[in-house]
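*Asks:* These are the residues of each chain, in order.
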Amino acid sequence: MANGTVITDYLLVFMLAAFLGFQLIKRVSPLLHSPLMSLTNAIAAVAIVGAITVTGEAGATPLARILGFVAVTAATINLVSGFLITDRMLKMFKRKGH
Amino acid sequence: MIVQLAYVVASGLFVLALMWMSHPSTARRGVRCGEIGMLLAIIGTLVRHEVVSYELILIAMVVGAAVGAPMAFLMPMTAIPQRTAISHAFGALAVGLIGTAEYYKHAATAGSGSFVMYALMFEMLLGFLTCTASVIAFAKLQEMMTGRPIMFPGQQILNVLVFGGAIVCAGLLIASPETTQVFPIFVALALLFGVLLVIPIGGADMPTVIALLNSYAGLAASAMGFALGNKLLIVAGALDGASGLILAIVMCRAMNRSFTNVLFGGFGQLAATAAGGKGEDRVVRHLSPEEAAMTLENASSVVIVPGYGMAVAQAQHKVSELYQALTKREIDVKFAIHPVAGRMPGHMNVLLAEANVPYEQLVELEDINPELPQTDVALIIGANDTVNPSARDDPQSAIAGMPIIEADKARTVMVMKRSLHAGFAGIDNPIYYNENTQMLFGDAKEFTASMVKELSGGGGH
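Which chain is which? The protein sequence lines are C and P, in order. First residue of the first sequence: 1, per my numbering; consecutive thereafter. First residue of the second sequence: 1001, per my numbering; consecutive thereafter.
So here's chain C without its partners, still in its complex pose (with noise of 0.2 angstroms):
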C-alpha cells in the first residue's frame, strides 16, 4: 500500500511538524512547564482514532477487539483526564491582585 512517494510525504509532514513544535514549545515560560506537559500528554492521547479503527472495523478478529478496547479505555483516561487537569492547573495561575 504504501509506495515511496507516500513515504517520504509522511517524513515531510513529521518533520514540518516537529520543526513548529520546536519553535513553539521554545517559547513556552518555564512557569507552565506542568501543564504544557499534561496538555501535550492530552494531545498525544488523539492515538485513540487508531485505536478506534481497530475495535470498530469490519472483520476485526475477536484479538483485536480486545486489543482495541484496552487502548480506547486507556486513550480516553489520558485525554480526559489531561485536558481537565491541565485547565485546572492554569486556573490556578493568576496575577497579583486577582
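Keep in mind the hints are simulated off the structure, nothing from the lab. Careful, some of the hints might be misleading.
What the hints assert, rightly or not - Simulated restraints on C-beta separations: (1) P/1358 / C/59: 17 to 27 angstroms; (2) P/1314 / C/6: 35 to 45 angstroms; (3) P/1259 / C/11: 15 to 25 angstroms; (4) C/6 / P/1393: 56 to 66 angstroms; (5) P/1155 / C/8: 33 to 43 angstroms; (6) P/1114 / C/59: 17 to 27 angstroms; (7) C/5 / P/1050: 15 to 25 angstroms; (8) C/6 / P/1185: 24 to 34 angstroms; (9) C/5 / P/1039: 25 to 35 angstroms; (10) P/1441 / C/16: 51 to 61 angstroms; (11) C/62 / P/1039: 24 to 34 angstroms.
What the hints assert, rightly or not - Covered by chain P, according to a simulated footprint, are these stretches of chain C (three or more residues, beta-carbon under 8 angstroms): (12) 20-32; (13) 50-58; (14) 73-82.
Unchecked claim - In silico DSSO-like pairs for lysine-lysine, Cα to Cα no more than 30 angstroms straight-line: (15) P/1334 / P/1453; (16) C/94 / P/1231; (17) C/94 / C/26; (18) P/1453 / C/94; (19) C/91 / P/1328.
All residues carry an ideal CB built from backbone N, CA and C; glycine is no exception.
Go by the hints and put chain P onto chain C.
*Replies:* Quick look at chain P alone, frame taken from chain C:
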C-alpha cells in the same frame, strides 16, 4: 473527505493550542482549542465508513471518562509528577496495543521488509518500553519502591543485551512478518528494557526522565501515524515528541549533564560514596522561629528558594502565608525557581500557584541570580543541590558546572532543613557552614507556620 478535513482542522487546532500555551494569560484558550481539536478528530473517526461497530468503543470511552474525570478533579497538586508518569504509561500502552493488533492483521499478508512493518516495530518498541518505564517512574514517585538508584554488577551489559535482543527480534519480524512466534519475545524484551532503563535512575533525575518519556510516548504515536497512514497522528505525535525533547534538554542543561549521563550515570550512588570522607567538625549557626521571623521583618528584600523538600513537607500553603505576611509589611518577596527543583519540569510553579502566590513573583534562575547580591535574606526551603556553591566553586564536585541559584551571595542566608543530612545527590553542601548562613532546623511546614504566627502580631512590637 469529511474525515480528512476534520483531521486537518484538528491538526491546526493542536498547533494553536501549543502556541497559546506560551503565556498564562492565553493558556486556557489553548486548552479549549485542544479539546475542540480532539472532539473533531474523534467524531471524524467515528463517522468513517470503515468503523461499523460502536458498542465496544462507546463502553470503553465511558469507562475511560469515568476513570479520567475523577482523577483530574481529585488528584492533589503534589501528586502531579506521579499522574504525569502514569499517563505516559497509559498513552504508551494504547499505542503498543494498537500496534499489536495491526501486526496480527498484517502478519500473513505484509511482504518482507514492508514499510508498515518498519513503522509498526518502531511504534511497539517505543510504546512498550515507555509503558513499563513510566510505570517504574510512577512507582518511584509514589514511593511504592525506593527512589534511590538500583544498580547491580553487569547492569550495562544486560541492558545492551536486552535492547539488542529486541532490535534483532524486530529485524526478524520485519524480514519475515509471518514468524508470529517471535512476536511475544519481542514484546517481552521491549517491556523488560523499559524496566531496566528506569530502575538505575534516582529521584532527582526524575524531571529529565519524565520529559524524555513524554517525548518517547509522542514519537511512538507518530510512528503509529506512519503505520496507519494517518497524518493527524503524525503531527500530534511529533508535537508531543518535540515538546518532551525540549523539556528534557532544558532539564539536562539545568544540571550540566548529558542524556547518557542521566540515563546511565547512576548519579545518586556515585556521589554518595564520594561524600563520605568529610569528617571535620564545622560550626553551624542556627535560629529559632522567633529570631528568624525578626530577621525577615527587618529585611527589605527577601528571596525564597523552594525545593523538593517543600513539596514533601506540604509546606507550600504556609510558605504562601509567609509571603502574604511579608508583603503586607512592604517587604519585597520573590521566589527563585530552579528548573530541576522538584520531581518534574515546573513542579514548584504549580505548587506555589495553587497556594495563591501570584505568578509574577516566581522568577527563573537566570533572572534572579543578578539580584541576589543586593538581597537582604535568601530563605532556602527544602532545596539543597540547586543552591550548592560547590557546583560553582569546586571543579572536583560531582555536580561541578551545574547552574545554581546563588543564594549564598545574599546578605543573610537562612536554610530551613530537618537536619544536616546531605541532599539527594549525597553531596556535602558548604553553604550550611558559611558565616552569613543561619540554619532553621525543623519541619518546613511547622517552622514556617511559627514564623507566620510571629509576623502576624504574635511577635509583640
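*Asks:* The structure should be examined with respect to each hint, and the outcome stated for every one.
*Replies:* Hints and how they fare:
For residue 1358 of chain P paired with residue 59 of chain C, a C-beta distance near 58 angstroms fails the hint of 17 to 27 angstroms. One distance hint, 35 to 45 angstroms for the beta-carbon pair residue 1314 of chain P and residue 6 of chain C, is violated here, with the actual separation near 54 angstroms. About 24 angstroms separates the C-beta atoms of residue 1259 of chain P and residue 11 of chain C, a value consistent with the hinted range of 15 to 25 angstroms. Residue 6 of chain C and residue 1393 of chain P have their C-beta atoms about 57 angstroms apart, which keeps the hinted 56 to 66 angstroms range intact.
At about 40 angstroms, the CB distance of residue 1155 of chain P to residue 8 of chain C agrees with the hint of 33 to 43 angstroms. Judged by the Cβ atoms, the range 17 to 27 angstroms given for residue 1114 of chain P and residue 59 of chain C holds: they are separated by roughly 20 angstroms. Separation of residue 5 of chain C from residue 1050 of chain P is about 23 angstroms and conforms to the stated range, judged on CB atoms against 15 to 25 angstroms. Here the CB-CB span from residue 6 of chain C to residue 1185 of chain P is close to 31 angstroms, well matched to the stated 24 to 34 angstroms.
In this structure, residue 5 of chain C and residue 1039 of chain P meet the distance hint of 25 to 35 angstroms, their C-beta atoms being roughly 32 angstroms apart. The hinted range of 51 to 61 angstroms is satisfied by residue 1441 of chain P and residue 16 of chain C, whose Cβ atoms lie roughly 56 angstroms apart. Taking the beta carbon of each, residue 62 of chain C and residue 1039 of chain P are about 30 angstroms apart, inside 24 to 34 angstroms as hinted. Coverage of the stretch 20-32 of chain C by chain P holds in this model, with 12 residues showing a Cβ closer than 8 angstroms to a Cβ of that chain against a need of three.
With 9 residues bearing a CB less than 8 angstroms from a CB of chain P, the stretch 50-58 of chain C meets the requirement of three and the coverage assertion stands. A count of 10 residues in the stretch 73-82 of chain C with a Cβ less than 8 angstroms from any Cβ of chain P is obtained; the coverage claim is therefore met, three being the minimum. For the hint pairing residue 1334 of chain P with residue 1453 of chain P, the CA-to-CA distance comes to about 20 angstroms; that is within 30 angstroms, so the pair holds. Proximity of residue 94 of chain C to residue 1231 of chain P is assessed by CA-CA distance (about 37 angstroms); at most 30 angstroms being required, the pair is judged violated.
For a cut-off of 30 angstroms, the pair hint linking residue 94 of chain C to residue 26 of chain C stands: about 22 angstroms separates their Cα positions. Only pairs whose Cα atoms come within 30 angstroms are accepted, and residue 1453 of chain P paired with residue 94 of chain C is accepted, the gap being roughly 25 angstroms. Restraint check for residue 91 of chain C and residue 1328 of chain P: satisfied, since their Cα atoms lie roughly 24 angstroms apart, inside the 30 angstroms limit.
When each numbered hint is compared with the structure, violations occur for hints 1, 2, 16.
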